[in-house]
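Participant: Here is how the chains run, residue by residue.
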Amino acid sequence: MAEIIQAEKGKGGKKRAKKILPHMDMTPMVDLMMLLITFFMLTTSMSKPKVMDITLPDKLTDPNQEAPKISASRTLNIILGPENKLYWYPGAVKPEDFNNLPPLMETDYSADGIRKLLLERNKTLARKIDDFNKEVISGKIEISQDSLQGAIRHLKNVDDTGPIVLIKAYKEANYGNFVDILDEMNICGIARFTPVDIAWYEEKMVETAKSAAPVSTSSN
Amino acid sequence: MTPMVDTFAVILIFLMLTATMSQPEPATVDTPFSISEKPTPDFNTMTFLLSPDGKVFMNFDNGPDTLLKYRPKILIEMGKRYGIEFTEAEQREFEKYPSAMGVPIMQIKEFLANRDGNARKEMQVGLPMDSADNQLAMWILCARQVNPNIQAVIKGDSKTKFPVLKKVLDILQEKNVKRFSLITSLEAAKINLEEIQQ
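First to last, the protein sequences are chains G and H. First residue of the first sequence? That's 1 in this note's numbering, and the numbers climb one at a time after it. First residue of the second sequence? That's 1001 in this note's numbering, and the numbers climb one at a time after it.
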């Protein structure tokens, strides 16, 4: 829109350039912009995926080293079964009495299944964490966002009532089951849990439980 | 008309600046859900992509490389171990490649030379990780050597069979990587403590 008006001298300075408002057809530009906006909106991934941190125990490399002992009364074994089934049994089973294995209890991934079971056993700690969270929300305790996680971790560390959950996966379980169960641990505020390898007698227990249940039309 | 064009321009500029392109992955993966709210780290990551059919792919610093240019360094390190020399052009190509890789090291030169997307996709057969030729473990070793701060991130499909994950976890554990993250999508969950009290 820059106009250079050269005033010509001598030829009567009264003559002025006529100012016409330039008119541009903007429709193609708008079309193009719409196209670009649509393109960017479709290709942009706005919400970043989230991550869940887990820590594995050390691998026993020294054959003389023994696995850490845990008390059987607090132990809860969860076995991820095939076809999104979930089995559990409390305590420990000795490999010696493989002829007399305890039956597995069956449950599922719903709020009434495993979550209820875990909360029942973890109620002291879960209530402590819940009370703490409530006090933070209502402003009774003033704590920065950064140290909130640390405070909850401390509550979990000093707790000695909750279950020790051992997560074992049968070979037909899938990755989604594994994430689901770890998520359930976080939801219920379980202080101590770890994924461990499934033992051969536990595989046997799963197979017994599988055959005891009415056989469904499965591809296996 | 002019106000509309102005708004469009603003939206367009905003989208262009915030756009993080969703990169095409060699396998489509549906991540499982969890309540975790921690965002995925941008840098210093090695991502293991576990496809539903049991293949394993690996990616470093998702998407574009950072200023420190770890990717070509990792490739050179890997080449040293297998006696392969990579040219400048191949290193650049590896640096630019935006998504996860699952090409056996012997085919990687061919893969980098090939410009055809479909042919490339066909070469992505997953990283070998049997005990005779454990290239996945080698990649982890090289990545950790080049960048000691690297974090392991696992991205799996909810239908991926557990033994695949188990194998990757075992290899990680063997290489002394004990902390790692699983990529999930956010979902809300509620617990009812009152019900338990009764």
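Don't take every hint at face value.
Claimed, not checked - Restraint-style ranges between C-beta atoms, simulated for each label pair:
no. : chain 1 : residue 1 : chain 2 : residue 2 : range
1   : G       : 105       : H       : 1119      : 32 to 42 Å
2   : H       : 1119      : G       : 196       : 41 to 51 Å
3   : H       : 1039      : G       : 106       : 32 to 42 Å
4   : G       : 153       : H       : 1039      : 45 to 55 Å
5   : H       : 1176      : G       : 29        : 52 to 62 Å
Calculated directly from the structure, the hints in this document are not laboratory data. Even glycine gets a Cβ: it sits at the ideal position worked out from N, Cα and C.
Participant: Against the structure, test the hints numbered earlier, and report the numbers of the ones violated in rising order.
Facilitator: 1, 4
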